[in-house]
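K.L.:
As a plain string of letters, each chain reads:
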Amino acid sequence: MKALSDRLRGVPVRPVLKDDRNPGMPLDLDVIRGLRVNRSAVERRAATIPTRRTVKKEWQAAWLLRAITCMDLTTLQGDDTPGNVLRLCAKARRPLRPDLIDALGVGHLDIKVGAVCVYHALVPTAVAALEGSGIPVAAVSTGFPAGLSPFAQRLEEVQASVAAGAQEIDIVITRAHVLTGDWPALYVEVRAFRDACGRAHMKAILGTGDLATLTNVACASMVAMMAGADFIKTSTGKEPVNAVLPVGVVMARMIREYEMRTGAAIGFKPAGGIRAAKQALDWLILMKEELGDRWLKPALFRLGASALLTDIERQLEHFVTGRYAAAHRHPMV
Amino acid sequence: MATVAKLFETMEYGPAPESDAPALEWIKQHDSGGGGGGGGGRFGHFINGGWAAPAEGQYFETINPATKAVLAKVAQGSKADVDAAVTAAHAAAPGWAALTPHARARYLYALAREVQRHSRLLAVLESLDNGKPIRETRDLDIPLVARHFYHHAGWAQLRDSEFPGYVPVGVVGQIIPWNFPLLMVAWKVAPALAAANTVILKPAEFTPLTALCFAEIAQAAGLPPGVFNVVTGDGATGKALVEHPDVQKIAFTGSTEVGRIIRKATAGSGKKLTLELGGKSPFIVFEDADLDSVVEGVVDAIWFNQGQVCCAGSRLLVQEGVADRLTQKLRARMEKLRVGSPLDKAVDMGAIVAPVQLERIRGLVERGVEEGAKMWQPSWACPTEGYFYPPTLFTDVSPAATIAQVEIFGPVLVSMTFRTPKEAVELANNTPYGLAASVWTENINLALDVAPKLKAGVVWINSTNLFDAAAGFGGYRESGFGREGGREGMWEYLKSGEEGRGKGEGYTATTPAPAIRGTLPASPVPLPPIDRTYKLFIGGKQARPDQGYSRTIVGSDGRVLGEVAEGNRKDVRNAVEAAHAADGWGRSSGHLRAQVLYFIAENLATRAEEFAARVGREEVETSVARLFTYAAWADKWDGAVHHTPIRGVTLAMNEPVGVLGIAAPDDFPLLGFVSLVAPAVALGNTVIVVPSEPHPLAATEFYTVLETSDVPDGVINVITGAKDALAKVLAEHDDVDGMWYFGNAAGVKAVELASAANMKRTWASARSRDWLDPRQGEGREFLRRASEVKNIWIPYGE
Chain A
1 MKALSDRLRG VPVRPVLKDD RNPGMPLDLD VIRGLRVNRS AVERRAATIP TRRTVKKEWQ
61 AAWLLRAITC MDLTTLQGDD TPGNVLRLCA KARRPLRPDL IDALGVGHLD IKVGAVCVYH
121 ALVPTAVAAL EGSGIPVAAV STGFPAGLSP FAQRLEEVQA SVAAGAQEID IVITRAHVLT
181 GDWPALYVEV RAFRDACGRA HMKAILGTGD LATLTNVACA SMVAMMAGAD FIKTSTGKEP
241 VNAVLPVGVV MARMIREYEM RTGAAIGFKP AGGIRAAKQA LDWLILMKEE LGDRWLKPAL
301 FRLGASALLT DIERQLEHFV TGRYAAAHRH PMV
Chain B
1 MATVAKLFET MEYGPAPESD APALEWIKQH DSGGGGGGGG GRFGHFINGG WAAPAEGQYF
61 ETINPATKAV LAKVAQGSKA DVDAAVTAAH AAAPGWAALT PHARARYLYA LAREVQRHSR
121 LLAVLESLDN GKPIRETRDL DIPLVARHFY HHAGWAQLRD SEFPGYVPVG VVGQIIPWNF
181 PLLMVAWKVA PALAAANTVI LKPAEFTPLT ALCFAEIAQA AGLPPGVFNV VTGDGATGKA
241 LVEHPDVQKI AFTGSTEVGR IIRKATAGSG KKLTLELGGK SPFIVFEDAD LDSVVEGVVD
301 AIWFNQGQVC CAGSRLLVQE GVADRLTQKL RARMEKLRVG SPLDKAVDMG AIVAPVQLER
361 IRGLVERGVE EGAKMWQPSW ACPTEGYFYP PTLFTDVSPA ATIAQVEIFG PVLVSMTFRT
421 PKEAVELANN TPYGLAASVW TENINLALDV APKLKAGVVW INSTNLFDAA AGFGGYRESG
481 FGREGGREGM WEYLKSGEEG RGKGEGYTAT TPAPAIRGTL PASPVPLPPI DRTYKLFIGG
541 KQARPDQGYS RTIVGSDGRV LGEVAEGNRK DVRNAVEAAH AADGWGRSSG HLRAQVLYFI
601 AENLATRAEE FAARVGREEV ETSVARLFTY AAWADKWDGA VHHTPIRGVT LAMNEPVGVL
661 GIAAPDDFPL LGFVSLVAPA VALGNTVIVV PSEPHPLAAT EFYTVLETSD VPDGVINVIT
721 GAKDALAKVL AEHDDVDGMW YFGNAAGVKA VELASAANMK RTWASARSRD WLDPRQGEGR
781 EFLRRASEVK NIWIPYGE
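Protein sequences, first through last, are from chains A and B.
Mapping of the first sequence onto this note's numbering: position 160 corresponds to residue 160, and the numbering continues sequentially without gaps.
Mapping of the second sequence onto this note's numbering: position 662 corresponds to residue 662, and the numbering continues sequentially without gaps.
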């Protein structure tokens, strides 16, 4: 693997931390300006990702289990209360009915979700509920979803969530920086968020549904990674268009490009609108094809979802019993 | 059985097989004439609406190339079988043509719907017989087949209103290849039936099954007996069809080698011919392209259908600065390609169609390595039980290498670099072929500058292998001629109702040229006329003939009218070079060409009296009018924007054919000459004209009109002499792109035969025309002959 491109040789880069954090790199505007994305070609590629590959039977069951482990089980509603967050956390610990776990023969795998994702106010509830489970709590932050509150407040919000026990912070970028092409401003902002995160891993939500073009998606992805994002994430779930495969193709390719330049592997999280088990498989296939098997694990891949889990449970039950399943026979999220 | 827990760790792809049971059952149900062998079915020909056992009782096997299992036995078509099918098609033709367009549209619509209803059976059958992945047959071949019949149901409906004055060609023989067996059925049959022809189809011997299944579909759709017939067999069957005297048109898709044989076999037969042949299509990557998308484009270009695609982007031309990066990305992508059972829904590539093809690929790859190119294949291995070949990339390939020139027709990509857009175009065009090209750049100025410069019938911008019924497909140069799809494709199955009027077939000109009347005013002192020397007209200059011979031209009254130069091969050679040197004419604006044509007309009119003395007033006046007609057309022969199902535009651009040889009719010494030269040059061609052999003086005088009319040097060249001999030299010339010949039957045959050398498009006729009649002497037919349609696909979106 090439550590650095020729262009970056000699440029000081922060050392890779023990926990595989993204060290980031200085903003390189030549790289940003050199990015090219052809939307029609990307859409053709995205369209064939679900048609070129498929998994069936045992393979499908295994892949769906993997999808569960990569899931950021999420609730981000105005009416969230400790009550529903507790329920979510309970589900996070036991995402599958025990009889299905047994039938699949995967009891020893200790299947649980990748993280639980909530607003700051619910972080303490979630942290308490998940204690000892090994499941991290992720907090959406920085004025989620629009990200337009005062900058100092956004930094404070990150610090407060980390202090409250969140191990992962999903920040939102200022979309205006992208739409105006102000890459230095975006870089400075994300860098500051990253510094505020401290030991917590940072996922940068690009709000791709607001970014207008795939070229903007590519540029924003690259700047966020240069600024130290550990994950890049498609959407808040609140934009009119959320996680869609063409956007995923572009972001995955940028991750590949960044890794080629720096050697750092950045995670990817699609979020918003992922409700069906088939969609989860499509995203896994996209990861495997565009990036490789390392991106099929929670360290580098997360699916932001909530209703998705129920559909995966139904599909797994169908695999076990041969009968089509009903949602109400699975404990609700 | 792998356990879920283990698969959870490995996260590999498992098998995802499509069942072959329904397709095998369908095969089994068929048995023409008792006792199907080998557990598989046995198929006869489909003639006159029903199955017919082969007259000679011979069958051959068709296999599944992924397993080598025999799928079925299929009838070997003999002359007698072809005869029977042609007879049926002939009998059906009048009734089919007599139906209303709406009635034919209903049949085509029914075919489209039937194909959709049986789509999975057809997809599986195609995959079994050909070895291509089920994903492709399911998602591409079969949907395109249905789309083709839908689209042509529309042309059937609109035939009379959109093609007034045109009639079906008649009985059509269609010979199709094995790489897209059913899609080629659709491409051939849909326009033929829409135009009201009747059809005898000969599918490829490796892949006859879907065509036979389609025959059943036609039966179910209620197509009248004899309208569509299938005769299966090998090359001998195809030969019998090509040579059958009662077939009025041959449409062939396949290799250039066989295309050339067919061109020769049909020469002088009067059969209409379209050929869609091989290619070595360039895939051009400029440094500002989206390289990751380029990689997927390459996958779609050369690893689609195992590279067994006539328009496969098999020559990767990369701008030097990004070549290494692209190679690196390509290799990484190739590692991830999956080759395996074609019925597995998660493979990228299936099996090569037959052992002979696999051997060809292997042999050419070995040759490539021997010649010093760097070969790379992914680390994984192909299945060993069937005929598989891995994706292969050659770098450090020189244009002189065999693998850079020869069509491999397999999953083998050769890569070369270029420095500038100009060099990219030169490399792209450095091939006898001209089927397709793909151009990758994010700079629209560059893309749209390069596309017209490419010698290719189809150009895809930032895309590749896009097909649709609404867009024409077909080649330049030795990739064949004619178009399939769209309005341009419909013309190939129609002929002018004016054909067959005129003065009758086999007519040879005997029209006497009028004697010179009153050329010399009475002089008080009788003087001998001033001697006049007619030379050749080459490169804008009057040139003495190479050999220094002249021929005497005698009038109808036996008087010697003059002497003209006796042109020979070398004069033709010089004229062709001059015509090429004038290629800027093709890039000039229609407005400029119109001005030149008007100016020619003006100068001819000024000398009308003098020309009238030679050929009569009517011919001169009509010639002036005709020049006006094509001056009018010069800036109006618009292309089209086709309605293809992409977000983008598909431009059908009319381009000049290039350098045209023209052998003018012997009658109408001036008007015949003008009627052919004017449309040719109006659309930007440069021409070498052999005027009327017995009456060349109007043409030799006419070049002095050209000299005064601002015609750029080399655009129109005139060579007098023995017409048929000169026409043959022109037809044989590899650097002449097209040849028009109006003369006798022997000359037609000679021209068509000779044209096979470089597959130049010919328009050769021994049928006389009344050139004075604008319905016969001018119009769109001439313009279509003078142009090639290039379809440029431009997807967009940011």
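Hints listed in this document are in silico derivations from the structure and should not be mistaken for laboratory results.
Do not rely on the hints blindly, as some may be mistaken.
In silico lysine-lysine, BS3-like type, Cα no more than 25 Å apart, as pairs [what the hints assert, rightly or not]:
{"hint": "1", "chain 1": "B", "residue 1": "Lys345", "chain 2": "A", "residue 2": "Lys56"}
{"hint": "2", "chain 1": "A", "residue 1": "Lys297", "chain 2": "B", "residue 2": "Lys336"}
{"hint": "3", "chain 1": "A", "residue 1": "Lys278", "chain 2": "A", "residue 2": "Lys238"}
{"hint": "4", "chain 1": "A", "residue 1": "Lys56", "chain 2": "B", "residue 2": "Lys6"}
Chain B is nowhere near these chain A residues, computed Cβ spacing over 12 Å in every case [stated by the list, open to error]:
{"hint": "5", "residue": "Asp28"}
{"hint": "6", "residue": "Ala41"}
{"hint": "7", "residue": "Pro82"}
{"hint": "8", "residue": "Ser133"}
{"hint": "9", "residue": "Ala152"}
{"hint": "10", "residue": "Val188"}
{"hint": "11", "residue": "Arg199"}
{"hint": "12", "residue": "Asn216"}
{"hint": "13", "residue": "Ala264"}
{"hint": "14", "residue": "Met332"}
Computed Cβ-Cβ distance ranges for the label pairs, DEER-style [what the hints assert, rightly or not]:
{"hint": "15", "chain 1": "B", "residue 1": "Arg120", "chain 2": "A", "residue 2": "Pro240", "range": "31 to 39 Å"}
{"hint": "16", "chain 1": "B", "residue 1": "Asp288", "chain 2": "A", "residue 2": "Pro240", "range": "27 to 35 Å"}
{"hint": "17", "chain 1": "B", "residue 1": "Gly321", "chain 2": "A", "residue 2": "Pro240", "range": "19 to 27 Å"}
{"hint": "18", "chain 1": "B", "residue 1": "Arg647", "chain 2": "A", "residue 2": "Asp182", "range": "25 to 33 Å"}
{"hint": "19", "chain 1": "A", "residue 1": "Asp182", "chain 2": "B", "residue 2": "Gly321", "range": "53 to 61 Å"}
{"hint": "20", "chain 1": "A", "residue 1": "Thr213", "chain 2": "B", "residue 2": "Gly95", "range": "44 to 52 Å"}
Note that beta-carbon positions come from the ideal geometry of N, C-alpha and C, so glycine has one too.
K.L.:
Failing hints, ascending?
P.N.:
6, 12, 17, 19 and 20
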